[in-house]
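Engineer: So you can see what is in the structure, the chains are spelled out below.
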Amino acid sequence: MSKSSELTDNVTDEMINEWKKKYAVYRITIADTDYYYRPLTRAEFRNISKSSAATAVSNTVDTSFQMEEQTVAICLLYPKMDSNSILNVEAGVVTTLSELIMQASGFDQNDAIPERL
Amino acid sequence: MQYQKDYKDKYGYIYKVSIDGTDYQYRTLTVGEYRDMIRAATDDASLEDSIVMAALLYPEIDYDSICAGIITVLCNYILSSSNLSDKNTWQDTIDDRKKGLLPRRDTSTGELVVDDPIIPIIIGICRVFPSYKPDDLLAMTVNELLDRAAWAEVVMRATDNTTNTDTNIPPGLPADQRKKLLERISAERSERALRDEMSKSKGVNKTNAKPRS
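Protein sequences, first through last, are from chains A and B.
Residue numbers for the first sequence follow our numbering, so the first one is 282 and each next one is one higher.
Residue numbers for the second sequence follow our numbering, so the first one is 6 and each next one is one higher.
To be clear, the hints were calculated from the coordinates, so they are not data collected in a lab.
Here a beta-carbon is modelled for each residue, glycine too, at the ideal position from N, C-alpha and C.
Errors might be hidden in some of the hints.
[Unchecked claim] If we take Cβ atoms under 10 Å as the criterion, some of the chain B residues that face chain A in the derived model are:
hint : residue
1    : Gln9
2    : Ile24
3    : Ile75
4    : Ile76
5    : Thr77
6    : Val78
[What the hints assert, rightly or not] A partial selection of chain A residues facing chain B, derived with a Cβ cut-off under 10 Å:
hint : residue
7    : Leu321
8    : Arg323
9    : Glu325
10   : Arg327
11   : Asn328
12   : Ile329
13   : Ser330
14   : Lys331
15   : Ser333
16   : Ala334
17   : Met383
18   : Gln384
19   : Ala385
20   : Asp389
21   : Asn391
22   : Glu396
Just chain A, with the same shape it has in the complex:
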């Protein structure tokens, strides 16, 4: 059995319906693994931004990695990951997931032309 089907088998319709009551739910397959995620809310983004700003002041660690990991830890619905388990996932997967979550959260909606009223 592939890694993908193992994980997908664990996600039931009930789980998806429960998620959909609260969020817009997305699924993406990366390297044969299915990931379910939701958009980031503004309040969550604010918290991530604040903690990254604090980290940036206190040391020189690249805060963009930290932001990616926090974003994925918050928004990934399945498989669930916390700040420790996320460190064992392939590096590019976290970055890709973070980008997809940001996209789903509206960060790329910048192609409109404002109309002066």
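Dock chain B against the given chain A, drawing on the hints supplied.
Structural biologist: Relative to the frame of chain A, chain B by itself:
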């Protein structure tokens, strides 16, 4: 729509942009508002939040539950419409707008021409009465404006030999004191011009006076 007219009356330009199927209406920010927000912001997200909170007119949104990127994108639109997103283009904008204010040389006659005749009048008044700003004058009726223009010409003639206003202002003077000084210089010039005019008209009366029999 009435509410749009109310917004326009209050804020000047308002804009509409559609993001992810929702129409948002916003106003532009003033330079002062933007500077205050930058000073108060603790991080990028809080700066974006405060910009959108100040400028978004419609619809009302929940700043906690909305998708994070919508605020960021809206903030970028607001900054762009407010000419605050690319400060490197400011000088180009100034140069471009100056073209509409300064005289240009007519290619066929070679003469200097001004496209908008109100501009030299405003420049003349502001030069003689420095406490007036162009916006003050643009808010006047034509009659009021021409009245000030007449005064400016009279004062200019009377003060031709006096020192330049700017040389009377010590460098580094705080803005409020500078404003007061400029107002005093304007008042003094007006008073001096008035005295000159009165003495001239007295002179005329004397010349025209007929001896009593």
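Engineer: Okay, which hints does this one fail, numbers in order?
Structural biologist: none
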